[in-house]
Amino acid sequence: MKEYVLRRLVSMVPVMLIVSIISFSLLYGLPGDPAIALIGEDVGNEEAYEAIREDLGLNDPIWVQYGKWLGRTLQGDLGNSIRTKEEVTDILLRRAPISLYYGVAGLLVGVALGMFGAIVSALRPGSKLDVLGTLTAMAGIELPSFWLALLLMYLFSLTLGWLPPSGYVSPFEDLVDSGKLLIMPALVLGTGSAAVIMRQGRSALIEVMSQDYITSARARGLHERTVIVRHAIKNALIPVVTILGLQIGNLVSGAVITETVFAIPGIGRTAVESIFFRDFPVLQGAVLMLTFTVLLANLLTDLAYGYIDPRIRFR
Amino acid sequence: MATSIHASASANENICARNCPGESALTTIRVATASPDKGEYVATAALEGRAARVRTHRRFAFLRRILDIRLVGPSLIILLIVIVSALGAGLISPHDPSTQDYTAFTQGPSLSHPLGTDDLGRDVLARLIYGARISLQVGIIAVGIAVTLGVTLGLLSGYAGGFVDDLIMRFVDAVQAFPTLVLALAITAALGPNVANAMIAIRFVSIPAMARLTRGQTLTVREHEYVTAARVIGVSPLRIMLRHILPNTTAPIIVQATLLIASAIVTEASLSFLGVGVQPPTPTWGGMLRTGSQYLETAPWIAFSAGTAIFLTVLAFNFVGDGLRQALDPRLRTRR
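Chain order of the listed sequences is A and B.
Here the working numbering is used: the first residue of the first sequence is 1, the next is one more, and so on.
Here the working numbering is used: the first residue of the second sequence is 1, the next is one more, and so on.
Since the hints were made in silico from the structure, they are not lab data.
Some hints could be false.
[Unchecked claim] Residues of chain A clear of chain B, computed beta-carbon distances all greater than 12 Å:
#1 72
#2 108
#3 154
#4 168
#5 222
#6 225
#7 237
#8 252
#9 269
#10 278
#11 286
[To be verified] FRET-style restraints, in silico, Cβ to Cβ:
#12 B:84 with A:218: 32 to 40 Å
#13 A:65 with B:101: 34 to 42 Å
#14 A:124 with B:170: 43 to 51 Å
#15 B:101 with A:13: 56 to 64 Å
#16 A:164 with B:281: 49 to 57 Å
#17 A:158 with B:160: 55 to 63 Å
#18 A:124 with B:216: 49 to 57 Å
#19 B:70 with A:218: 28 to 36 Å
#20 B:216 with A:45: 51 to 59 Å
#21 A:5 with B:160: 39 to 47 Å
#22 A:8 with B:228: 32 to 40 Å
#23 A:59 with B:280: 34 to 42 Å
#24 A:207 with B:297: 41 to 49 Å
These numbers were taken from a predicted model, which means no experiment stands behind them.
Virtual Cβ for every residue (Gly too), placed ideally from N, Cα, C.
Only chain B is shown next, with the shape it has when bound in the complex (with noise of 0.2 Å):
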């Protein structure tokens, strides 16, 4: 079926429909939408919709196989919850989240604070929700700019090679040799502890395992024979990178970026958690453990919602991170 729809398409994409026939419906798509030169496509009207039609098919077939992966669903209802917090906290809070209650300081969950109230007597529940906005933030933002970044550095490793390699490799290796905590808390310590430069120091320390996974993958694809067609026909090392390179190496840096969103979620936890991360009065759950780690003994929901909030949420995304390996790599999807 596979190798029928794209009969009739780029160079790129046969090898692919002949070479990957395990590969998902959804690999093959992105590689086609990659690179569309519409030129070459001669296939009639009729073969479109079909092809759509087994698209459609083929997606939804992707999305029940990745939730048929062990604790995948429950995972993406936690992230929904995260996210549902993050975008409409001003909708669903109960409270303000900065509002001191002065008539109940430190209080235990009831009706009206159904998580407590902490030690200004602001309620924990509200504070949980909006620090769900700095998490996903943190971890979205930051992630997606390292994302790039080492995208970018791992690409013009992998393809240059030579010189240019050595250097960026040796760049590479120099961060990779801080533990990742001391260097982001030496970062935000330089640059003073705000979001904005916690985002810095997690961007920085996220870039290498980005750039050394791309560089990986281009080693590998750069020696395939659609990329040597192209440069023959000359084709611009940056057209090369872009087009022919990046979307046969996207699957693992999803699944990379999924799991740097986790681990940049805990990072940032840790630097408000000891002080020098997000400062207080914003809601952060780092910010709201550190606070519980003073109250523990007196009141313990602060430091146990927060604790609980960061480590379902990353337990998620790792779930999912998981997940989408298994999905988007055929030799993985027999074994589970």
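For reference, chain A alone in the conformation it holds in the complex (with noise of 0.2 Å):
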């Protein structure tokens, strides 16, 4: 087991290069120069323009830059950012908690609705009920998300006005007030991820319930409840994770849609007012950050396996 997880860690590597080189590369061609940004006022000043170059080391070849970049990058340190001067780590790490929040609650919203639609599809297969679900399931994974954000906000925001449109409240500061703010977010990052595993967990699920341990714990007497809830689901859980695991990456594009809308001051957002304000270390660092978090996601995705199954080892 701990040589897989080592094993694992060093097949990231290569990848998290390739990583860091196009991050790397894509950003150091972003339109405008920085220098020239920042100058602001002194437009014209050849000597101040020259100096803000020589300190971001935009003079230097660009393989030293991007080693340069990388080694500081490796050490934790992403550079400040062109527009606050504020150091990129502690941006990050001031946002992250809030895109980690949401993330989290959208999953649970995802995992929630996507069991108990698989559940009620998958006890009677081709009834009303099943293609109805499949056919929501189907309309929802391909729901774009800014489109739901909308909607979701003209009907119970504008409409009804049982919730505040948008905004952000931490938890600890008002529990109540953070709550109804997190509902609709939630509801638009856990959709795509509730159809994908509905229709995952129903198929799972139907081809569960016909093996010969759940017409033995049938036998045997057992509540039907139990048999689905005890024998059932955790037997259909493994496609679900591993679905699950390839979620984040859209749960991470999906961040950035509904940070956008509902003014949610987390990491997806940040990138993107970065791209506006051409603050290039902040949206490099937000990149780095957001892939990383993917590719540690799929790590453990993989790790779950051996927790839910027995079964699965590690070689």
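From these two lone chains plus the hints, build me the complex, please.
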């Protein structure tokens, strides 16, 4: 097991290296010279301009810039924001918990809705309820998150007035307000995953329900609920966990949209804002952090198999 | 029937006719036309004529089969409307998409403006019709190029194996590690926000899925006897890849491409919605939704029109993709 984890970590290295090269080279080509953006009032002052370029290391050859950047990045130094001069690591660490708070809520909504739908559908395959569920799931997968966000906002905030339209309150400050502001973003984030989980969970459950041990559990006179909860669901979870791991990437993409629509100061919104301000160290840091999260989630998913299914042995 | 028609065709087709009896006529015909080593055809004119009739008949059968699949018919109608709007925007649009009506800002649906007007007094329906152009353009052109590049990489990777395979697949892994929208955002930001760059970004994020799929298919197909046979008689690797492997991997590629078009349309709309994609005043569905989100309370029709258009188009592409998958895969044909 330990060896497997180690090997998986080592196999992440080349991928991370290519990821770092892509992120670095992408943002190196950002339009507009950051030195010009920084110089502000002093336009035309060659000396000040050169000083800033030298300071940012923009005059070095590109591979030197990459080497220096990679070295610093590995030490957790992502540079300073061009706009606020703050350290990028500080900005990201301050905003990461907010994204995580919404992300976990979204994932929970996704799993709860998805598994509920899967069970309802799988118990009576082919029934009207099943067809309805399957079609809803299909629509749910394709429903663009920005469109769902606007629909919910229109319905629950503008028409019914039940929920505040947007903003962020820390749960430590005011739990009720924070919760109210959490509902819509969590629904938007969770819908895509819910739909995928429902589809996957449904087919896994249908397959499990035809296994011999289910028949024997029923024959022993166990209550149907016990059969489903104790025997079927646990075995149907493996494909669901796989899908869940793959959903993290979509969840991160979804975070960019929801955080922008609902004005949540998380990493996704930070990334979008940094584009408008041409603040490329921040954009670079946000992209790296989000991508690293996805890679880590995939690793954790792999390890989770062993926990759920003891039959799987890591070699 | 299939065997008799193809009895005199090349070895390649023979294997398919024998081994894949359930495969659709379209597939066998595709294989036949993909490697028309004409010298090997010794069929008589009469047989050719009969084969042609069977082909036409079977092609209709394919059409009927795919139309039988749930929701494919309505989806094709939606796609037809989108395509006609994009191609004939100038003819069918009731107004010019950028003409501002100073007497009608954010006006609700009326006879002269069936879907209302936006914040600058522009006709929403006209912008919707012209917006179809960008969506389709991005969807089809960007995915078309992505498919070409992805298939090339996948073929190379799968056929060459070894170091080339490792190199290509590690690159694909790395690109896939990025969350799609985040990568597309970064690329568009780096290159500058406009249609062409949005398309480059979408192309880049679509390549891995295609490359991975083609590689997987290639690994299977290259083990078939007819590929070994071709190799033994000294056919060049390039010719084997293009003439023998590629034609036998097209069905899943077509399906995947249809699904990629749907996600490309969503990615473009997301970029425009966030303000980093296609820039105003060019009418795009994502851009309209961005405007609509600012006027959600006073002029909800702007967001509703654009959102519905995006959703229906994407859904239609998905249903058609799923339909193609079922119609092209003989194993899925019985289950529905």
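*Non-interface label on residue 108 (chain A), tested against every C-beta of chain B at 12 Å*: holds, 20 Å
*Hey, does residue 225 (chain A) actually stay past 12 Å from chain B on C-beta?*
holds, 30 Å
*Taking the beta carbons of residue 70 (chain B) and residue 218 (chain A), is their distance inside 28 to 36 Å?*
For residue 218 (chain A) against residue 70 (chain B), whose Cβ atoms are near 32 Å apart, the range 28 to 36 Å holds.
*When you look at the beta carbon of residue 252 (chain A), is every beta carbon of chain B farther off than 12 Å?*
violated, 4 Å
*May I ask you to check that residue 154 (chain A) keeps its beta-carbon over 12 Å from the closest beta-carbon of chain B?*
Non-interface label fails for residue 154 (chain A): nearest chain B Cβ at 6 Å, not farther than 12 Å.
*asked:* A cut-off of 12 Å on Cβ-Cβ distance, and residue 222 (chain A) was said to be off the interface with chain B. Does that hold?
replied: About 31 Å separates residue 222 (chain A) from the closest Cβ of chain B, which puts it past 12 Å; holds.
*Is the Cβ of residue 286 (chain A) farther than 12 Å from every Cβ of chain B?*
Answer for residue 286 (chain A): violated, closest chain B Cβ roughly 8 Å.
*Confirm or reject the statement that residue 237 (chain A) sits farther than 12 Å, beta carbon to beta carbon, from all of chain B.*
holds, 24 Å
*Using the beta carbons of residue 124 (chain A) and residue 170 (chain B), state whether their distance is inside 43 to 51 Å or not.*
holds, 46 Å
_Looking only at beta-carbon atoms, does the pair residue 216 (chain B), residue 45 (chain A) fall within the given range of 51 to 59 Å?_
holds, 58 Å
*Non-interface label on residue 168 (chain A), tested against every C-beta of chain B at 12 Å*: holds, 18 Å
*Okay, residue 59 (chain A) versus residue 280 (chain B) on CB: inside 34 to 42 Å?*
36 Å Cβ-Cβ, so the 34 to 42 Å window holds.
The structure fails to meet hints 3, 8, 9, 10, 11, 12, 13, 16, 18 and 21 from the earlier list, while all remaining hints are met.
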